[in-house]
Amino acid sequence: MSQHGSHRLVVDYGNDLRLFPSWLSRTAIAVLGVLWILLPMQIGDFQLSVLNRAGIFAIGALGLNLLTGYAGQVSLGHAFFMAVGAYSWAHFGGEQNLPLLVWLPAAGLIGGLVGALIGPFALRLRGNYLAIVSLGLVFIGIHIWNNFESVTGGFDGVGGSRAARIGPLDFTALTIGGTKYSIEQAYFWLIWVIVALAALATKNVVRSRPGRALQAIRDRDVAAAVIGVSLTRYKVSAFAVSSAMAAMCGALFGSYYGYISPDQWNLLLSIQFIAIIIVGGVGTVFGAIVGALFIAGAPLMIEQYSSSIPLVSYLTKQADMTVATLNQLLFGLVIILFLILEPRGLAGLWFRLKTYFKAWPFSY
Amino acid sequence: MKLFAQLVVGGVAQGALYALVALGFVIIYKATDVINFAQGGLVLLGAYICFTFNGQWGWPFYPSVLAAMAVAALLGLAIERVILRRMIGQPNYAIIMITIGLSIAIDQIVIWKWTGSQRNFGDPWGLDTYKVGGVVIPVVNVVQIVAAGALLVGFFALFRYSRVGIAMRATASDQEAALAQGISVKRVFGLSWAIAAAIGALAGVLLVSGGRGLGPDLSFVALAAFPAIILGGLDSAGGAVVGGLVMGLVQSLTAGYNDKLPAVLGPNFNRVTPYVVLVAILMVRPYGLFGTREVTRV
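So the sequences go chain by chain: X and C.
For the first sequence, our numbering assigns the number 275 to the initial residue and increments by one for each residue that follows.
For the second sequence, our numbering assigns the number 631 to the initial residue and increments by one for each residue that follows.
Do not take every clue at face value.
Claimed, not checked - Stretches of chain X that chain C covers, calculated by requiring three or more beta carbons in the stretch to come under 8 Å of a beta carbon on chain C: (1) 402 to 411; (2) 520 to 534; (3) 560 to 573; (4) 603 to 613.
Keep in mind the hints are simulated off the structure, nothing from the lab.
From the three backbone atoms N, C-alpha and C, an ideal C-beta is built for every residue, glycine too.
Just chain X, with the same shape it has in the complex:
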């Protein structure tokens, strides 16, 4: 039996659980690593800002994917937890100017705690009911953000120091070996290394015992309980971890944009996260990242290049549609089309392509 190449047969559990099962995935990771170092020097600040926004969203989406994709619980409350994290940044980073290694873990901790407090109540409900109660969370959240002025600055929002410092590295004015780098370049390195860590952490959760427990709950909760999976424990843990990741995503969002206000944490933001994992591929780690590139990045690209994309320029110039409206419309249509045509998302398309070539010249 050949042990190399992506056609390798999976013969035991150890094989199945490997982080990088084939030379192809190992090469891909190496290429991404090199890209991570070199890309900021090759492309402009605008493209980097698109990638940065997408990276921040990818972190939150990885968390939601754990809850929705793996544990099967739909939550529309992700924006609430993102806000919790963003205000943690505002307090510890923006106001007190503590370094990143303080406010980022603090945001995760606070988000996780709030999630662990709300989780047991929310997860008594299943399916549709959970979706609706988490919707309530978003609205109650906006009310709190508007009124808890000492931290959130009320309606006007809050800013302050970006506080993106790790030891001697200050990402707002990065200088290495005498070369100065722009904020976008510096944040690109910062954000995407965190994305990689978050992806690694998620991957490790899903390929070990808790991950299998979550998937068992998703597929059939009764059966999972019968074989000894503690539903409450795993569901609440998934909720807390997902909230913690949303909070870290929010903290980075706050630091990156340097200013946050209550009306940003709306229902549409929560919807974006669900759209990211649907478009990327529910229940896959790399799907959450690809989906974030697509959902969080595409609108910025369309806005920037609206006059040179044929259909977009027609709609915005001749048919009186603003770019913002067009972007939202496309967002809605993309969700509908993916769910109807390829419910497994972009990851699903990739698997199809892969199996096609794996089995070639046979159809399957």
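Starting from the known structure of chain X, arrange chain C on it as the hints suggest.
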């Protein structure tokens, strides 16, 4: 006391409209097990179609309303046939998301076609008021209560006594058994969407009447009907009415007595009271006042 009476009338009127929107949700949920987040979009679209007939093409008001309801019903039918029919058997996050996608798309199409600006809605009641013993009651509130009440009575009669209504109830209680009795479940699905869309259109027209003005933020109002259906129970049409009225009253009273509430709750607390009630209800009775208790085995 005068203030109280006024608030109660306003609350019941608002509640009657929540009840209409909530009824649309419940009809679709009962028949097809779909939580329709696009109901707000149907409300919005219905109001704008009526505005087009009445305000832009100059049709008389009442025929415009009926025509808008008919057009909305056709749209509901089309949405079910083209989109939701393909989603049968998919996991519920997918179904929730497809209706959310629809709602976003409808909102944007409305903004594109009719622009995002506020329009004057040509309803015949405007800002007129009745005065009953010193209490000022807007005419539109009375119309809202009467129209919603009439429609609800009509719907419940249809649901209870007509062949169509019986087919709908049979489908809701057991799809396979209904199929075995010769009921076309597909037709019931389509019909549920059509009825819900028509009710939504009427709710939209009534919501923007009385000088409130027509704008794309209307679909947001419909979201506030969610707490109402949870309070009443997702699958209870009667519960939708009770839930709607309670939410309308709670919201109107907290708005009226906002200055007497503890300061810690903050100004504009009335905007979130339905959601606070929602969370409280779900803690105490997760399946609402009149909903079917799901058998939980674990």
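Here's how the hints hold up against the structure:
Only residues whose beta carbon comes within less than 8 Å of a beta carbon in chain C count, and the segment 402 to 411 of chain X has 8; three or more means the coverage holds. Coverage of the segment 520 to 534 of chain X by chain C is violated. Counting CB-CB distances below 8 Å, 0 residues qualify, and the rule asks for three or more. With 0 residues having a Cβ less than 8 Å from any Cβ of chain C, the segment 560 to 573 of chain X misses the three-residue criterion, and the hint is violated. Closer than 8 Å: that is the beta-carbon criterion, and the segment 603 to 613 of chain X has 8 residues meeting it against chain C, so the requirement of 3 holds.
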